[in-house]
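Asker: Take a look at the letters that make up each chain.
Number of protein chains: 2
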Amino acid sequence: MLNFSVKEADILFEVLKARRDVRGNRFLSKPISEEHLDKIFQAALHAPSVGFSQPWKFVSITEEAQKQKIFNIFIEENEKASELFKDTIYSDLKLEGIKEAPVNIAVYYSQKEKAILGQTSMDQVGEYSVVCAIQNMWLMARALNIGMGWVSILDSEKVNAVLKAPKDHKLIGYFCLGHVSEFLDSPELESLKWEKRKNKEEIIFKETF
Amino acid sequence: MLNFSVKEADILFEVLKARRDVRGNRFLSKPISEEHLDKIFQAALHAPSVGFSQPWKFVSITEEAQKQKIFNIFIEENEKASELFKDTIYSDLKLEGIKEAPVNIAVYYSQKEKAILGQTSMDQVGEYSVVCAIQNMWLMARALNIGMGWVSILDSEKVNAVLKAPKDHKLIGYFCLGHVSEFLDSPELESLKWEKRKNKEEIIFKETF
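Each protein sequence line maps, in turn, to chains H and G.
The numbering used here puts the last residue of the first sequence at 219; the count rises by one with no breaks.
The numbering used here puts the last residue of the second sequence at 219; the count rises by one with no breaks.
Treat the hints with care, as some may be off.
For identical chains, the list gives no copy identity; a pair is met inside one copy or between any two copies.
[Said to hold, decoys possible] Once the Cα atoms are required to be at most 30 Å apart in a straight line, the calculated DSS-like pairs of lysine-lysine come out as:
{"id": "1", "residue 1": "K77", "residue 2": "K206"}
{"id": "2", "residue 1": "K109", "residue 2": "K122"}
{"id": "3", "residue 1": "K104", "residue 2": "K40"}
{"id": "4", "residue 1": "K168", "residue 2": "K122"}
{"id": "5", "residue 1": "K168", "residue 2": "K124"}
{"id": "6", "residue 1": "K79", "residue 2": "K203"}
{"id": "7", "residue 1": "K208", "residue 2": "K174"}
{"id": "8", "residue 1": "K17", "residue 2": "K168"}
Keep in mind that the hints were calculated from the coordinates and are not lab data.
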């Protein structure tokens with residue numbers, strides 16, 4: 011059985027802290043090697059999944075025409091969002107990297123209609139398994155010095171149509187990946203004071219709330 | 011800017027592969043040190059969150075009386091689940107470690123009613139941020155040689171009542187943590203052939219499904 015050393019635990023912690031949500035103003039056009047991309051997918055496939063159901067599907071997108079269609083969906087949704095944040099810096103923020111990133115990956119949840127061990131009381135744990143896979147990819151990418159960004163300002167149904175997703179598949183997240191000019195030292199929305207970092211006292215409780 | 015070496019990326023990959031869902035038959039009663047528990051929470055707090063909203067709350071549970079109440083909820087839900095899997099090995103499987111694990115942690119999603127940057131089109135990305143924090147905890151725990159297991163066979167509303175969760179809080183996951191007698195070499199449900207490991211060809215697509 012593998013016992014990790016303090017030094018190895020420290021390396022994991024450094025990766026966790028250095029991971030950033032990367033947008034189009036930091037991506038380089040340099041392609042991601044097949045070897046790196048494979049490692050990122052392998053990281054996903056080692057995620058935990060309820061009842062070992064592995065309910066994940068991935069679509070990698072590199073063609074300009076596909077990216078442009080997704081980008082158009084972003085623009086439409088982002089115009090609606092801009093309205094909600096009108097007296098803020100929102101419209102100055104770069105919130106995606108669809109066209110700049112050499113690789114985009116759409117991550118889906120898909121589960122056959124059968125009872126899954128562990129999913130009988132809290133059904134959403136199936137989708138949550140897919141999110142665990144996403145976080146594994148994000149960390150693996152960072153350790154390979156590859157940036158990844160989550161684009162959530164999208165209409166899922168329109169994305170499904172572009173990617174020809176089967177009807178029972180649910181889009182969990184859409185990601186941009188690529189080498190970067192830099193990883194910021196801290197989350198951009200923290201540096202810009204969009205939101206404050208929360209104190210542990212506000213969020214960690216003992217025995218009950 | 012931190013550039014990770016191939017060796018460091020390999021260490022992350024080892025941690026990803028060695029992480030297991032640990033149940034009560036592997037937990038030791040040895041307490042988790044405050045230092046280790048703090049490190050696991052720090053890992054959570056470095057997770058990505060939509061719009062830097064950090065919509066997570068954590069309740070750590072160590073008192074026997076609290077654990078017993080949660081265990082009773084598990085028993086009730088698991089009896090229902092057993093019916094669905096009756097001609098299988100289901101009832102022989104140990105599916106939680108609530109009482110054996112020295113620490114239980116309930117993880118919640120809580121978000122004030124305001125527009126969150128990035129959450130205006132796909133609302134569930136708030137909950138998904140919390141799951142990213144969970145995966146960070148799981149990996150950090152493993153790197154510290156501490157086991158963690160997800161207990162999903164629970165009625166959330168009953169857990170909320172035991173933990174006195176505010177009405178607008180949503181239970182995302184309930185976890186058991188402790189030192190272990192062993193980490194299995196492969197997922198137990200894989201070794202038992204409950205489910206087969208999927209091939210990459212079934213789950214990774216190019217450009218469209």
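Asker: Compare the structure with each hint and give your call.
Answerer: Hint check:
Within a single copy, K77 and K206 get their C-alpha atoms no closer than 33 Å, and across copies no closer than 34 Å, so neither meets the 30 Å cut-off. Taking CA atoms no more than 30 Å apart as the test, K109 paired with K122 passes in neither setting, with 33 Å inside one copy and 33 Å between copies. Taking the shortest alpha-carbon separations for K104 and K40, only the intra-copy value of 20 Å comes in at or below 30 Å, while the best inter-copy value is 48 Å. Taking the closest pair of Cα atoms, K168 and K122 come within 30 Å of each other both inside a single copy (23 Å) and across two copies (28 Å).
Both within a single protomer and between protomers do K168 and K124 lie at most 30 Å apart by alpha-carbon distance, with minima of 28 Å and 25 Å respectively. Taking CA atoms no more than 30 Å apart as the test, K79 paired with K203 passes in neither setting, with 33 Å inside one copy and 42 Å between copies. When the C-alpha separation of K208 and K174 is checked against a cutoff of 30 Å, the pair qualifies only between copies, where the shortest distance is 22 Å, while the shortest distance within a copy is 40 Å. Within a single copy, K17 and K168 get their C-alpha atoms no closer than 46 Å, and across copies no closer than 41 Å, so neither meets the 30 Å cut-off.
Violated hints for the displayed structure, listed by number in ascending order: 1, 2, 6, 8.
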